[in-house]
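**Student:** Sequence:
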Amino acid sequence: MKYSNKFRSFVTLAALSACGFVAVADEFGTSDASQAKTAANTSVTGGTLNIQLDGQSLQDNGILQYFPQSQASFAIRTDSGFYFRTDSGMAEGINTPGQFLQTSGLLPMFYGEDATLVGDFRVMYDGIAWRVIDTMYSQRDLFDLNITETQFDANSGTLLLGGEIAVSPLWAIEFGATQASGAIVGTFALAGTAEGGVLPAGVPMGGGGVAGGCTSSPGPDVIVGDLTGPQNYTAANGYEALAIGSYSCNIGNVWLNWFADTNQHPVIGGNLFKLKQVDGSWRFEQIGQSWLKHGFFALSNTLCCTCEQPTDGTHLGVGCADPYTAARNGSQGGLGPKWQVNASSGVFTYPPANPSYSGQTARRLQVRTTDLEPSSSSIRYYGSCMYVTPDDAAAGNKNNNESYRQVTVSGSGSAWTFGFTGSTQRMQAGIRAWQDSTNNVTEVVVDLTGDGRYIIAYQVTDLGNNTWHYEYAVYNQNSHRSARTFSIPIPAGVTVTNIGFHDVEYLNGDGPSNVNYSGTDWAAVVADGAITWSTETFEQNQSANALRWGTLYNFRFDANVGPTRGNATIGLFRPGTPTDFVFDANVPLAPITAPEITGQPTGGSICAGAAFQFSVTATGDGLSYQWRKDTVNIPGATNSTYNIAAATYADRGSYDVVVTNAGGSTTSAAAALLVTVKGDANGDGLINNFDIDAFVVGLSDGEATYESQYNNEFGCALDINGDGAVNNFDLDPFVECLLNGACP
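Going by our numbering, the residue at position 469 of the sequence shown is 1691; the numbering climbs one at a time, nothing skipped.
Treat each hint with caution, since some may be false.
[Said to hold, decoys possible] SDA-like, lysine to any residue: derived pairs with alpha carbons at most 25 Å apart:
no.: 1; residue 1: Lys1851; residue 2: Gly1798
no.: 2; residue 1: Lys1498; residue 2: Gly1741
no.: 3; residue 1: Lys1498; residue 2: Pro1440
no.: 4; residue 1: Lys1498; residue 2: Ser1600
no.: 5; residue 1: Lys1498; residue 2: Asn1454
no.: 6; residue 1: Lys1851; residue 2: Asn1933
no.: 7; residue 1: Lys1498; residue 2: Ser1645
no.: 8; residue 1: Lys1851; residue 2: Pro1813
no.: 9; residue 1: Lys1851; residue 2: Asn1904
no.: 10; residue 1: Lys1498; residue 2: Ser1566
no.: 11; residue 1: Lys1498; residue 2: Met1649
no.: 12; residue 1: Lys1851; residue 2: Gly1905
no.: 13; residue 1: Lys1498; residue 2: Asn1782
no.: 14; residue 1: Lys1851; residue 2: Ala1868
no.: 15; residue 1: Lys1498; residue 2: Leu1329
no.: 16; residue 1: Lys1851; residue 2: Gly1825
no.: 17; residue 1: Lys1851; residue 2: Ala1832
no.: 18; residue 1: Lys1851; residue 2: Glu1929
no.: 19; residue 1: Lys1498; residue 2: Gly1641
no.: 20; residue 1: Lys1851; residue 2: Gly1886
no.: 21; residue 1: Lys1851; residue 2: Gly1907
no.: 22; residue 1: Lys1851; residue 2: Asn1861
no.: 23; residue 1: Lys1498; residue 2: Ser1634
no.: 24; residue 1: Lys1851; residue 2: Ser1862
no.: 25; residue 1: Lys1498; residue 2: Gly1635
no.: 26; residue 1: Lys1851; residue 2: Ala1840
no.: 27; residue 1: Lys1498; residue 2: Ser1378
no.: 28; residue 1: Lys1498; residue 2: Ile1601
no.: 29; residue 1: Lys1498; residue 2: Asp1780
no.: 30; residue 1: Lys1498; residue 2: Phe1642
no.: 31; residue 1: Lys1498; residue 2: Thr1571
no.: 32; residue 1: Lys1498; residue 2: Ala1745
no.: 33; residue 1: Lys1498; residue 2: Gln1647
Simulated from the structure, these hints should not be mistaken for lab results.
Full structure from sequences and hints, please.
**Tutor:** Following this line, the structure appears as structure tokens:
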């Protein structure tokens, strides 16, 4: 099926209407009317039903083997029984049980080798769903209709319905293809001519409300006002799949281009993220991404603002909103790959690459079943949708085009169910859920001139036992140049363990020549004072596993030191200037080494009453000192020097100092202090008869002999009279010292 034709019928019908259409009551809400009209009952008496089926999807789902006609137009007959009420230019009561539209026309279908004709379809609402029934031959309940666009032009009396065509459960059962039930196999557009009529008894009519306004941005500015759904699909080959609905709003003051069959419309992508507590720390990872839904028709609903400028579907008006259901965003035939889109400029190739595919999961938001666990307090999921479009990017409004919402996950094995909880966090990229949901997460936003935005989030967790876990998530929101290296400084002496990396897969041919981008993990190397993860260069491989737009990669490790502030670096993939950028982050602290003593303390020999100073010099950070005497701490002696003002014999001993910092302790060499008391000839601290022999040795044999035999200072001990000489004039004073037990 050609992308260029897929939605042309609906857009053409809308463009042919006489006036701009005003969005009316549907499953998403209502919009204000542009003109006041008198309340009236109205019936559809003519018009056209256009359908476009995807033959490949029908065949893949086991319904048809051959389908020669992908597009068909059927006239709405005048005997239809479809009534609704108009009030002030609004249509009400569209989804009313028992109403139907009868068409005329034939459509050939082939079941294996058997051909049959279906036609004269009855389009009706049975109170549960809109259905298409073949009333010509088979009376088969063929299709369910997912109505996503409802518009009414009060001036021309034209009702427009549009949406997706899904395989009905009954038809799927008929072909033994129950897995095909609900599969999207095409689109439809119904343009009915409405006239005043008599409202049958018992047909209820519904109503709607009007939303308020908001402040506009300069230029066109599309945001995701709400995430809806999600749509669940059957798992296959180890992958689950879902789709996320997106309700866009133009909060700008200029309408936004929305031209089908061109590259002047939005493309819409979805992501799934997982937040999990692991070994006491949190990690936030992207576990799935979708292909891109190409926008084809913009409604004029009200959600974020007052719809000030309703349009014919080729623009999203000022203040207006447009809903795409989850089923529509998961419509496989309408999805194109991400690789052809420059999210920075909003420019993309149209029609997009369209490689063959099969199965229920292809192109949708796929996630490995092994990555899924039931939601809990320690396991949470978040989905996001992002719009990329050229005129929004040109106006400088590309950085607010993503919103996220919490997802619930339940199930096991290969059977999982996704749901939404909480409210949509408007204009917030999915990565912001990490900081919003846990403590101690820091975010850094880097906008590259002439390119796009990166959001980096990180968390450092103290695991105890001198181990810290470093967790980084890098999200490339819309950078075309992409990233190929991630580097964190690792100082000398730091031990790094448990190095990890996580990326997200490209699937189903999302890459040049319909070959997926590489999924090879980035290699990590610890060298030259850093840990650096990297993939191949652009010159080596243009399809390398670069961190491209709309994807989040993780980098993690453990270290034996806590964090400090430092510069991390991201290197860019595509050639250009700059080649990298630096941002502030928590990085491992340089380890503090134990002190090194560069000047040892020295001892000495002094006379009692003299002053003495010990000193030490050491290098290191955050030093503290503790002096010791005979290995016992000296109270208060906590400086690099230790002073003794007036030494006594008790100060004799061995002195050292312990120098300490966060890196450890170092003990100096011991330094001996000798303190000699006058008259204490033998150096025992007492003056008594045991000093006589020592005094005689000093007098008779001299200083050298005396000091070799006694641990004492010669002059201090024996020069009793203090005349500077040791001789017979010291005898009488020495005897007096002996008699008194001390020298005067």
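**Student:** Kindly indicate which numbered hints from before are broken by the structure, ordering the numbers from low to high.
**Tutor:** 1, 3, 8, 10, 15, 27, 31
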